[in-house]
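J.: Let the hints inform the model, and build the full structure from the sequences given.
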Amino acid sequence: MTWLVLSLSALLYAGSADAHSRAPIADGHSGHRIERAWDLRGDRIDRRLDRAADRQDALGHHHRAKHLDRRGDRIDRRFDRVGIRRQALHDGRR
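My numbering applies: residue 55 is where the sequence shown begins, and numbers increase by one.
Rather than coming from a laboratory, the hints here were simulated on the basis of the structure. The C-beta atom is built at its ideal place from N, Cα and C for all residues, glycine as well. Among these hints, one or two may not hold up.
[As the list claims (entries may be wrong)] Label pairs and their computed distance ranges (CB to CB):
{"#": "1", "residue 1": "Asp108", "residue 2": "Val136", "range": "40 to 48 Å"}
{"#": "2", "residue 1": "Gly137", "residue 2": "Asp100", "range": "50 to 58 Å"}
{"#": "3", "residue 1": "Phe133", "residue 2": "Gly96", "range": "49 to 57 Å"}
{"#": "4", "residue 1": "Asp130", "residue 2": "Trp92", "range": "53 to 61 Å"}
{"#": "5", "residue 1": "Arg124", "residue 2": "Asp104", "range": "25 to 33 Å"}
{"#": "6", "residue 1": "Ile99", "residue 2": "Arg139", "range": "45 to 53 Å"}
{"#": "7", "residue 1": "Asp108", "residue 2": "Arg140", "range": "42 to 50 Å"}
{"#": "8", "residue 1": "Gln141", "residue 2": "Arg102", "range": "31 to 39 Å"}
{"#": "9", "residue 1": "Ser63", "residue 2": "Arg124", "range": "25 to 33 Å"}
{"#": "10", "residue 1": "Ser63", "residue 2": "Arg105", "range": "13 to 21 Å"}
{"#": "11", "residue 1": "Arg90", "residue 2": "Asp123", "range": "47 to 55 Å"}
T.: And the structure:
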């Protein structure tokens with residue numbers, strides 16, 4: 055959705071600055087447009103990297119939590135088996 059808004063705004067901006075596009079670069083207008091385009095692109099790349107980092111953090115946290123849950127389940131089962139074995143030994147069964 056943001057990509058659509060940015061592309062539409064870029065098209066509108068390019069259409070409104072059409073008179074400036076024919077002007078020589080020496081007047082500075084085209085240079086400003088190029089700088090602005092690079093700034094917008096840099097912002098988009100920064101936002102994409104931030105989202106990727108957020109996803110990575112979320113995935114890492116989820117996997118760590120899942121790993122700890124599984125580990126806790128394994129430890130619980132081990133204690134249960136030990137408890138059952140001890141109870142069997144106490145009752146005289148194997």
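J.: That 25 to 33 Å hint for serine 63 and arginine 124 (C-beta), does it hold up?
T.: violated, 48 Å
J.: For the pair serine 63 and arginine 105, does the Cβ-Cβ distance stay inside 13 to 21 Å?
T.: holds, 20 Å
J.: Given a hinted range of 53 to 61 Å, is it respected by the beta-carbon distance of aspartate 130 and tryptophan 92?
T.: holds, 56 Å
J.: Given the range 42 to 50 Å, decide if the beta-carbon distance of aspartate 108 to arginine 140 lies inside it.
T.: About 48 Å separates the Cβ atoms of aspartate 108 and arginine 140, which means 42 to 50 Å holds.
J.: In this structure, is the beta-carbon distance linking arginine 90 and aspartate 123 contained in 47 to 55 Å?
T.: holds, 49 Å
J.: Does the Cβ distance between isoleucine 99 and arginine 139 fall inside 45 to 53 Å?
T.: violated, 59 Å
J.: Does 49 to 57 Å hold as the CB distance between phenylalanine 133 and glycine 96, or does it fail?
T.: holds, 55 Å
J.: Look at the Cβ atoms of glutamine 141 and arginine 102 and judge whether their distance stays inside 31 to 39 Å.
T.: violated, 58 Å
J.: 40 to 48 Å was suggested as the range; check whether the CB atoms of aspartate 108 and valine 136 agree with it.
T.: holds, 42 Å
J.: So the hint says 50 to 58 Å: do the beta-carbon atoms of glycine 137 and aspartate 100 match that?
T.: Given a distance of about 55 Å, which is inside 50 to 58 Å, the answer is holds.
J.: Taking 25 to 33 Å as the stated bounds, is the beta-carbon spacing between arginine 124 and aspartate 104 within them?
T.: holds, 30 Å
Hint check: violations occur at hints 6, 8 and 9; the rest are consistent with the structure.
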